[in-house]
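**Q** All chains, full assembly: derive it from the sequences and hints.
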Amino acid sequence: MLLNATLANLPVNNRRYLLPIIITVLLVLFALPQSLWGAESGGSLDIPVKGSGLSIGNSKRFSGVRINFRDKHVERLRGINLTLWHSNENKFADVRGLSIGVLPEAGDVAGISMGILGVGAERRLRGISIGLVGMGAGGDLSGLNIGGLGAGAGGNVRGITIGGLGAGSGGDMIGINIGGLGVGAGGDMKGFTFALAGAGSGGDMIGINIGGLGVGAGRHLKGISFALAGVGSSEDVIGLTVSGIGAGAGKNLTGITFGGIAVGAGEDVQGLSIGGIAVGAGGSITGISAALGAVGAGGNLSGLNLSG
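So in the working numbering, spot 293 of the sequence shown is number 293, and the numbers just go up one at a time.
Some hints could be false.
[Unchecked claim] The calculated lysine-lysine pairs, modelled on PhoX-like cross-linking and capped at a C-alpha distance of 25 Å, are: (1) Lys72 with Lys91; (2) Lys91 with Lys60; (3) Lys72 with Lys60; (4) Lys50 with Lys72; (5) Lys91 with Lys50; (6) Lys251 with Lys222; (7) Lys50 with Lys60.
[Said to hold, decoys possible] Just the calculated beta-carbon pair ranges, DEER-fashion: (8) Ile256 with Leu84: 50 to 58 Å; (9) Ile176 with Leu304: 36 to 44 Å; (10) Glu89 with Ile208: 38 to 46 Å; (11) Phe92 with Ser234: 39 to 47 Å; (12) Ala197 with Leu301: 35 to 43 Å; (13) Leu292 with Leu228: 57 to 65 Å; (14) Leu306 with Ile208: 26 to 34 Å.
No lab work stands behind these hints, which were simulated from the structure alone.
Ideal Cβ positions, reconstructed from N, Cα and C, are used throughout, including at glycine.
**A** Structural data, given as structure tokens:
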């Protein structure tokens with residue numbers, strides 16, 4: 001009676017919108033216990049047919065709109081997935097589409113993923129991923145990745161990656177990588193890299209690299225590199241290199257190099273090299289070299305060399 005009276009007092013244009021809303025609310029209230037029970041048993045309420053449409057509960061293979069309290073042993077999901085609570089029993093799930101929850105995670109995740117705490121994948125995480133605390137993948141991470149504190153992957157990272165404190169990978173990092181404190185890769189780092197503290201890689205660093213304190217590469221450093229303290233690599237440094245204190249290479253240093261105190265290389269220095277106090281090379285120095293203190297080489301000095 002109350003519902004009929006309420007509908008009768010509403011304008012005609014509004015009645016057609018109110019009735020679907022009421023039906024939806026009643027359906028959710030009816031199915032919520034099913035969702036809580038389904039998180040443990042694997043049961044679900046699927047409308048209109050099993051496997052597609054609207055699912056409330058722990059449906060394991062589904063396409064459409066799905067709402068569940070906690071996922072468990074899910075296999076394949078396509079569409080919109082709303083998971084209310086964290087689960088660590090979802091390591092083999094293949095999830096694609098829009099995933100929203102406290103901490104949505106699965107085996108492979110592709111699409112748009114948003115988590116209040118974070119977003120995670122046991123293997124691959126692809127697409128747009130946003131976690132207010134952090135996000136990461138045990139394997140590869142690709143796309144637009146934003147973690148409030150950190151973003152990282154055990155494998156390779158490709159795309160745009162932003163970590164409030166840091167961003168890192170166990171493999172290569174390719175694309176735009178920004179870390180509030182640091183950015184690091186166990187393999188190569190290619191693209192644009194910025195970190196307030198430091199940026200480094202176990203392999204090559206290629207592109208534009210900016211580190212508040214330092215930039216360093218385990219092998220070659222190529223491109224444009226800036227740091228307030230030091231820039232260096234265990235092998236070659238090639239390109240434009242600017243450092244507040246020092247710039248150095250374990251082997252050759254080639255290009256335009258500025259070091260607030262010193263510039264040096266274990267082997268040859270070639271190009272324009274300016275050090276506040278000294279410029280030195282274990283091998284030869286070729287090009288234009290200037291320092292307030294001294295310019296010295298274990299081999300030949302050729303070109304224009306200026307020293308105090």
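**Q** The hint says 38 to 46 Å between Glu89 and Ile208; measuring C-beta to C-beta, is that right?
**A** holds, 43 Å
**Q** Hey, Lys72 versus Lys91, does the alpha-carbon distance stay inside 25 Å?
**A** Roughly 9 Å separates the two Cα atoms, so the pair holds.
**Q** Against the range 57 to 65 Å, how does the distance between the Cβ atoms of Leu292 and Leu228 compare: consistent or not?
**A** Cβ of Leu292 to Cβ of Leu228: about 20 Å, so the range 57 to 65 Å is violated.
**Q** Hint says 26 to 34 Å; check whether the CB-CB distance for Leu306 and Ile208 agrees.
**A** Because 29 Å falls inside the window, the suggested range holds.
**Q** So does Ile256 sit 50 to 58 Å from Leu84, Cβ to Cβ?
**A** Holds - the Cβ-Cβ distance for Ile256 and Leu84, about 56 Å, lies within 50 to 58 Å.
**Q** Between Lys50 and Lys72, does the CA-CA distance stay at or below 25 Å?
**A** Status holds; Cα separation ~18 Å.
**Q** Take a look at whether the Cβ-Cβ distance between Phe92 and Ser234 falls inside 39 to 47 Å.
**A** Given a distance of about 40 Å, which is inside 39 to 47 Å, the answer is holds.
**Q** Straight-line Cα separation of Lys251 and Lys222 no greater than 25 Å?
**A** Measuring from Cα to Cα gives roughly 13 Å; hence the hint holds.
**Q** Are the Cα positions of Lys91 and Lys60 separated by 25 Å at most?
**A** holds, 13 Å
**Q** Taking 35 to 43 Å as the hint, is the beta-carbon distance of Ala197 and Leu301 inside that range?
**A** holds, 37 Å
**Q** Check the hint pairing Lys72 with Lys60 against an upper bound of 25 Å on the C-alpha distance.
**A** The hint holds at about 8 Å.
**Q** Holds or violated: are the alpha carbons of Lys50 and Lys60 at most 25 Å from each other?
**A** Satisfied, since the Cα-Cα distance of roughly 11 Å is no more than 25 Å.
The earlier numbered hint that this structure contradicts is number 13, and it is the only one.
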